[in-house]
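Take a look at the letters that make up each chain.
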Amino acid sequence: MIKWFSHEFVLKIANQYKFFSCKEGIILQKYILAVLVDNKPGVLTHVSGLISRRAFNIESISAGYTEEPSVTRINIVVSVETENELDQVVNQLSKLIDVIKIVNLSKAPSIERELVMIKIRADKNSRADILNIVNIFRAKIVDVTSETVVIELTGHQRKIDAICEVLGEYEILEIARTGAIALSRGSTPVKKM
Amino acid sequence: MNMNGAQAVLECLKSEGVDLLFGYPGGVVLRLYDEIYKMNFPHILTGHEQGAVHAADGYARATGKVGVVIATSGPGAANLITGIATANMDSIPLVCITGQVASPAIGKDSFQEVDVFGITTPITKHNYLVKSVEDIPRIFKEAFYIARTGRPGPVAIDIAADVFNSQIDFEYPRTVELRGYKVSSDGDSKEIKAVVEAIENSKRPLIFFGGGVTSSGTSNDIRKIIERLGIPSTCTLMGIGCVDSSTEGFLGFAGMHGSYGANMAIQNCDLLLCIGMRFSDRVTGRVAEFAPKAKIVHFEIDPAEVNKNVVVDMKVMGDLKWSLPILRSKLESSGIDFQKRFSPWLKESIEISRVHPFSYKIEGVSIKPGALIRKISDLSDENTIIATDVGQHQMWAAQFFSAHNPRQFITSGGLGTMGFGLPAAMGAKLAQPKKKVILITGDGSIMMNIQELATIADHDIDLKIVVVHNFILGMVGQWQRLFYNHHYSQSILKGKRDFVKIAEAMGIRGIRLETIADLESQLPDALNSDGSILIDCIVPEEENVLPMVPGGKRLDQMVLS
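These protein sequence lines map, in sequence, to chains X and R.
Numbering follows our numbering, with no gaps: position 20 of the first sequence is 20.
Numbering follows our numbering, with no gaps: position 105 of the second sequence is 105.
Check the hints yourself; a few may be wrong.
To be verified - So the derived list for chain X, only partly shown, Cβ under 8 Å to chain R, looks like this:
| # | residue |
| --- | --- |
| 1 | T45 |
| 2 | G49 |
| 3 | S94 |
| 4 | D98 |
| 5 | V99 |
| 6 | I100 |
Claimed, not checked - Short derived list, chain X residues pointing at chain R, Cβ under 7 Å:
| # | residue |
| --- | --- |
| 7 | R53 |
| 8 | R54 |
| 9 | N84 |
| 10 | L86 |
| 11 | N91 |
| 12 | Q92 |
Derived from the structure by calculation, the hints contain no laboratory data.
Note that the Cβ used here is the ideal one computed from N, Cα and C, for glycine as well.
So here's chain X without its partners, still in its complex pose (with noise of 0.2 Å):
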């Protein structure tokens, strides 16, 4: 669908709704690996340090238990030019030994969600103006000072890309996410497929 419109144009889109991220005008695509690794001292290590020694261009990456306690789940949003990069990314963590399954699950169907928090200035004059907005984007309330409103959205990445931008009208004082993780669709968990 891309090759119709021009290169600024997509960029112009892209950009606005981060649809990829925008390297010196070369378009990277997004992919989300769910990662299951054991649960071992020193993982995390093995698989940042992989990342950075490879140079890989990394969005996003979160970490936590799972269904099984020697098993623990990475979710990592990598940012490619080109299927052979993205190869290079599965392969090399691949390699790793305490890495047992690597799936993309954005070329399988799933359900992707981030959480966000935000922490934004919210006096007499603005107050009502953010509520509005945390409605629209069917976002949570979860601190109120008498200057201050605490925000809580879960979803896709780019509805918190959104909201994010939006709110960008207002004094955001902090902004805290966890980085997207995923599921697939439909029965197959990832260590089965």
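Fit chain R to the known structure of chain X by using the hints.
Quick look at chain R alone, frame taken from chain X:
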């Protein structure tokens, strides 16, 4: 059986068949060294930890067995780093044992503490930090398995000091359970069938093999395939010896300082069979124009190597031990007369290679490095191991030494580590005591681990050390001569060092050869004498290694003179 952690480590090593350790003691490994003393475990004390790790590496390269090195925490472990990285780049199996400060002291910037796990992560196949004695047997079993299987590589085990003193009911596991490590041996034989078809449809196929042939022990299969097809062949620096250099159509090694014939054949072939090699930048020249006319086939055990540097047309994944015998039998059962079909191409490749063979000019009485190496080669046989350091002499050795067998030519390829040669030669000699080991080094490189002269003297290790002495850091000087207006910035060695006296002071014999006549009259006796000897060969300063593919150029854009 009840024992302490230090005894358990040595029991693990015994169970793995380790017969020799290289190392250097220190504070946190005192318990381990005490058990080495009590058990009388064979151990070579080197002059520096870097010497120990290169020696273990040389031992591994000469035999294919896993080399084992021990160092203490902090500076001891840090001194191993260059050696571990060297082994990692060339896929050499090592197990590197380091002591760490006691568990409660970790992270407190304790005396002689360094984060060995963190430092070794990017330069090992795998690494461990052991904080509990119960983990010792499992981790050692895994470490040796990981180091030697699949694509081999170094494994580092950092052990907290208190672990050596803790008690364990020792039992060595029989099997390894690693969910994330599958040794890929057998691949898809359809991929090999496709390669056979590609060979049948090609007119100008070329075999290009690398160090993977050595580590998989498939040199004989390669030889038989070349014989069956009657096609030219070339190799990487790491592949030297896998095919006897006298084989018809063997064009010498390829790449930056490789042969004219090999580089031209790569650029002109229509099918390039790349076997157990990884398309290093030293071997491809300008990567976008590497083998432009060829369909490139990659036989490889490591999926991450495929399409990493060069995008290939076909691949055969799996251990060469699996793929090459199948390829060989498929070719042998084919009804096609390959030799007849490919003979014009074989003849053409040989003729082109004869236009610019590796050569040197005799000028006056001075010893030309090429003449020196050729003389060493003439005085050697298939039971001679050559070890080199890094620089001009290394390239001359690769060019002018005729290797016959794998594991005969020991050199630091990927990392290009100066100072590798002397300790690696020492390790090779200890691994292969019946073989003659000749070290070819330079006046720059030998200084980087010259303390190991004392080690070979102490242990009566019989090495023939040839110093190609040109009073300059030769390869640096060559680049400065060719690309930096003869600005010999920090590359001139003033010439006041006397290697003969250094050798004698360290406890081995030394002689100096200054003319061709000296070379003819003294080299044979020196190489055939008993015991170690250092042969200081004075050679001209302004000698270039040629041919040369300058950085960023195509393989056929060689500087020839």
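Going through the hints against the structure:
With 8 Å as the threshold, the beta carbon of X/T45 comes within range of chain R, its nearest partner Cβ sitting at about 6 Å, so the hint holds. Given hint, X/G49 at the interface with chain R, holds; its Cβ is 4 Å from that chain's nearest Cβ, closer than 8 Å. The beta carbon of X/S94 comes within 7 Å of a beta carbon in chain R, closer than 8 Å, and the hint placing it at the interface holds. A least Cβ separation of about 5 Å between X/D98 and chain R falls short of the 8 Å threshold, and the interface hint therefore holds.
Of the supplied interface hints, the one on X/V99 holds, with its beta-carbon coming within about 5 Å of a beta-carbon of chain R, less than 8 Å. At a threshold of 8 Å, the smallest CB-CB gap from X/I100 to chain R is about 4 Å, leaving the interface hint in force. Given the 7 Å rule on beta carbons, the hint for X/R53 holds: about 4 Å separates it from the nearest Cβ of chain R. A distance limit of 7 Å between C-beta atoms decides the matter here; for X/R54 the minimum to chain R is near 9 Å, and the interface restraint is violated.
Restraint check, X/N84 versus chain R: the minimum CB separation of about 5 Å is within 7 Å; hint holds. Taking 7 Å as the C-beta contact cut-off toward chain R, the hint placing X/L86 at the interface is violated, the least distance being around 11 Å. This hint holds: X/N91 has a C-beta 4 Å from the nearest C-beta of chain R, less than the 7 Å allowed. Residue-level restraint check for X/Q92 holds (minimum Cβ-Cβ distance to chain R is 5 Å; threshold 7 Å).
In summary, the numbered hints that this structure violates are 8, 10.
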